[in-house]
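So the protein lines, in turn, are chains A and B.
Quick note on numbering: the UniProt record's numbering labels position 245 of the first sequence as 245, and the sequence is numbered without any gaps.
Quick note on numbering: the UniProt record's numbering labels position 300 of the second sequence as 300, and the sequence is numbered without any gaps.
What the hints contain is simulated information worked out from the structure, not anything from laboratory work.
Some clues are possibly wrong.
Note: identical chains are not told apart, hence a pair may lie in one copy or across any two.
Simulated pairs of lysine to any residue, SDA-like, Cα-Cα distance not exceeding 25 Å [said to hold, decoys possible]: (1) K25 with D56; (2) K27 with Q63; (3) K120 with D140; (4) K165 with I374; (5) K120 with E17; (6) K120 with N144; (7) K209 with D261; (8) K27 with Q302; (9) K194 with G143; (10) K359 with R18; (11) K30 with A59; (12) K165 with R18; (13) K120 with I329; (14) K120 with Q63; (15) K165 with N288; (16) K194 with R332; (17) K27 with R55; (18) K27 with V356; (19) K120 with G143; (20) K388 with M293.
2 protein chains.
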Amino acid sequence: MALIVQKFGGTSVGSAERIAQVAEKIKGFKAQGHDLVIVVSAMSGETNRLIGLARDICADPDQREMDVILSTGEQVTIGLLAMKLKSIGIPAISYTGAQVRIETDSSFGKARIQHIDEAKLRAELDAGKVVIVAGFQGVDGQGNITTLGRGGSDTTGVALAAALKADECQIYTDVDGVYTTDPRVVESARRLEKVTFEEMLEMASLGSKVLQIRAVEFAGKYNVPLRVLHSFKEGPGTLITLEEDLSMEQPVISGIAFNRDEAKLTIRGVPDTPGVAYKILGPVSAANIEIDMIVQNVSKDQTTDFTFTVNRNDQRRTEEILRKVATDIGAREVAGDSAIAKVSIVGVGMRSHAGVASKMFEALSRHGINILMISTSEIKISVVIDEKYLELAVRTLHSAFELDAPEQDSDHI
Amino acid sequence: MALIVQKFGGTSVGSAERIAQVAEKIKGFKAQGHDLVIVVSAMSGETNRLIGLARDICADPDQREMDVILSTGEQVTIGLLAMKLKSIGIPAISYTGAQVRIETDSSFGKARIQHIDEAKLRAELDAGKVVIVAGFQGVDGQGNITTLGRGGSDTTGVALAAALKADECQIYTDVDGVYTTDPRVVESARRLEKVTFEEMLEMASLGSKVLQIRAVEFAGKYNVPLRVLHSFKEGPGTLITLEEDLSMEQPVISGIAFNRDEAKLTIRGVPDTPGVAYKILGPVSAANIEIDMIVQNVSKDQTTDFTFTVNRNDQRRTEEILRKVATDIGAREVAGDSAIAKVSIVGVGMRSHAGVASKMFEALSRHGINILMISTSEIKISVVIDEKYLELAVRTLHSAFELDAPEQDSDHI
């Protein structure tokens with residue numbers, strides 16, 4: 001008998017039939033004697049419908065009022081799931097974020113959880129009820145409704161698990177676990193039994209859509225065992241846990257992540273004086289544009305080239321800023337390139353293994369894939385390459401680091 | 001400069017265009033210097049959509065969870081209207097029932113308002129904001145979301161006006177006021193300038209759909225001047241107020257109400273012993289069936305006939321109960337008739353005028369309309385007639401009591 005927090009996403013509760021399936025699943029867990037807190041998202045499509053309503057009203061909707069509207073999506077789902085459970089004989093009760101209460105800061109649209117009052121939840125659990133909590137939402141100190149941003153329901157689940165000191169937080173999704181890489185790109189990708197918080201964090205920040213970064217951060221910070229599972233298929237999923245809990249046979253590399261969301265900006269012929277990096281990147285950051293990788297070339301003739309990546313959506317704005325900066329500091333030219341992709345290898349095993357980087361570079365060069373930028377962390381190496389080589393690079397690295405499944409796994413998604 | 005509470009129903013906020021129109025209307029009032037609290041319903045169709053979702057989940061949805069779901073309808077509208085106002089430069093803020101806080105009892109689906117905390121609203125008004133409040137909803141002492149029942153937004157408007165001691169509560173609808181009778185039945189029906197709370201109450205309980213009974217009761221109890229107006233047409237509407245505020249020229253009869261919602265049940269040959277009425281009606285009331293009019297015939301041969309009306313939806317259930325009762329008390333037979341209609345004349349003027357009833361009966365008999373049942377109150381006389389004579393009866397009484405418009409009013413709905 002354990003206390004488990006289970007989170008079901010929008011697709012898992014996207015119709016009356018799906019909600020009924022989720023209810024039966026919960027009934028099964030309840031029959032095993034577990035205490036259950038269920039976090040749900042809005043029914044799939046609902047959040048977009050609500051955003052559409054707001055956009056019809058005005059082009060740039062006020063964010064406080066947007067949160068008032070968006071939070072209704074999850075509120076409908078908690079009511080539906082709770083009434084379904086009651087109708088099949090399982091005592092259940094729904095709670096909005098404000099009712100719990102899940103207190104956040106006042107950053108509407110991207111609020112951060114500050115405190116969870118677990119007393120009411122505990123009392124409902126003690127009374128034998130399944131508690132259904134609206135994901136993605138909270139309330140600030142003044143009683144305003146807030147939302148945590150897209151995918152915030154995962155964070156709600158982890159935060160509740162931390163507050164309640166739950167035995168496990170289970171995230172039910174439309175995949176049956178975390179894979180060594182995207183199975184749509186590499187057929188032989190394998191489901192991982194276990195992965196560390198840190199690795200998951202790198203994978204998530206590198207573009208893996210399985211879990212929200214903030215949820216993984218939160219889970220790592222409070223050491224909440226997190227499990228990714230398929231909503232409607234049986235299976236152990238992938239457990240995300242502390243490094244110490246991993247088996248000794250942990251491979252060097254756990255997975256290959258990639259994304260096509262970035263664009264590369266280069267400013268050439270920059271006079272190489274102290275503080276030039278700040279002069280270039282300061283105005284970009286000031287415009288709230290997030291910078292990912294940065295490379296500065298060695299100086300030649302007292303000038304240098306400066307390259308960095310931003311989200312493709314920000315490319316045009318960044319170029320405008322850079323052109324102004326180039327004039328101010330006397331740089332030669334500004335160039336942008338969006339036909340790039342980032343490929344990363346991730347693994348805590350890197351810490352104790354030398355030569356991982358050179359193995360990666362060698363494998364890529366063997367296929368004539370030119371590396372445009374490199375960035376490393378303790379457990380990750382990322383390279384930027386020409387976008388057209390992306391699939392080839394991922395497959396090459398997947399096999400070079402021996403991640404391919406021993407036999408064809410016909411069960412993966 | 002006045003403090004006005006304005007309530008806009010589901011049709012008035014049924015689309016982005018309508019919400020924009022309402023926002024412009026509010027902007028106009030604000031420009032006149034008024035303090036405004038706006039109560040809104042769910043967008044038209046939304047409440048039915050939400051009920052549909054719940055019905056897809058289970059046949060008999062839990063009422064607490066139903067209220068969690070239903071309350072989202074108004075929550076979306078307050079967000080949309082508040083963001084629209086802000087986008088056209090009017091400071092505005094939305095409040096759910098729980099945020100206000102509008103405290104109710106715990107009768108989910110038909111909760112009654114017990115207390116309104118007006119402090120926050122007052123502070124927002126003092127800060128120059130238009131406050132948008134979700135109608136139809138509240139929160140009980142334990143923090144559960146409640147709803148006031150269909151049409152409850154009118155009640156929210158009146159209750160807020162009472163709590164804030166507003167100068168007027170304006171109910172915007174799809175009609176331009178209260179009419180002497182339904183203009184679809186009598187072309188010469190006139191809009192009333194003023195009508196008393198009591199008269200409005202009788203008309204509402206007799207089937208006039210313009211205002212919710214509870215809202216009128218509430219307004220009368222706290223003497224909140226209530227005005228019914230058209231959402232998108234200019235005009236003074238109808239003011240509902242205390243009797244003392246009416247002009248001296250008040251006519252004897254203010255309006256003719258009618259409905260086709262009732263069925264007539266008769267139990268014949270009942271042994272006329274003390275307590276027999278209770279033996280018949282007790283089991284009906286115990287089954288939660290509301291009884292409207294009751295007539296007991298004079299006794300003949302120690303037996304009597306007993307007739308009463310119930311809502312047509314309850315007719316079959318009532319007949320079943322009566323057949324059992326008839327066996328128990330030794331009555332002869334039970335008969336039901338749904339082809340009836342109720343017509344009522346309403347007016348505070350009745351108090352000071354004799355002969356109103358005989359004038360009514362004479363007018364009906366002149367057209368061969370047989371009266372099946374009669375019921376009277378201080379300011380109302382209702383008769384049950386054969387349904388097929390309904391329109392004729394209404395037109396006859398409308399003209400007999402001189403309610404017809406002096407000339408053709410081409411402006412009414």
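Consistency of the hints with the structure:
| no. | hint | result |
| --- | --- | --- |
| 1 | K25 with D56 | between (38 Å within a copy, 19 Å between copies) |
| 2 | K27 with Q63 | between (38 Å within a copy, 21 Å between copies) |
| 3 | K120 with D140 | both (18 Å within a copy, 16 Å between copies) |
| 4 | K165 with I374 | neither (40 Å within a copy, 69 Å between copies) |
| 5 | K120 with E17 | neither (30 Å within a copy, 42 Å between copies) |
| 6 | K120 with N144 | both (20 Å within a copy, 12 Å between copies) |
| 7 | K209 with D261 | within (13 Å within a copy, 57 Å between copies) |
| 8 | K27 with Q302 | neither (71 Å within a copy, 62 Å between copies) |
| 9 | K194 with G143 | neither (40 Å within a copy, 41 Å between copies) |
| 10 | K359 with R18 | neither (46 Å within a copy, 64 Å between copies) |
| 11 | K30 with A59 | between (46 Å within a copy, 23 Å between copies) |
| 12 | K165 with R18 | neither (29 Å within a copy, 49 Å between copies) |
| 13 | K120 with I329 | neither (60 Å within a copy, 53 Å between copies) |
| 14 | K120 with Q63 | between (29 Å within a copy, 20 Å between copies) |
| 15 | K165 with N288 | neither (36 Å within a copy, 47 Å between copies) |
| 16 | K194 with R332 | neither (50 Å within a copy, 80 Å between copies) |
| 17 | K27 with R55 | between (40 Å within a copy, 21 Å between copies) |
| 18 | K27 with V356 | neither (47 Å within a copy, 66 Å between copies) |
| 19 | K120 with G143 | both (18 Å within a copy, 11 Å between copies) |
| 20 | K388 with M293 | within (20 Å within a copy, 82 Å between copies) |
Hints 4, 5, 8, 9, 10, 12, 13, 15, 16, 18, counting from the list given before, are not met by this structure.
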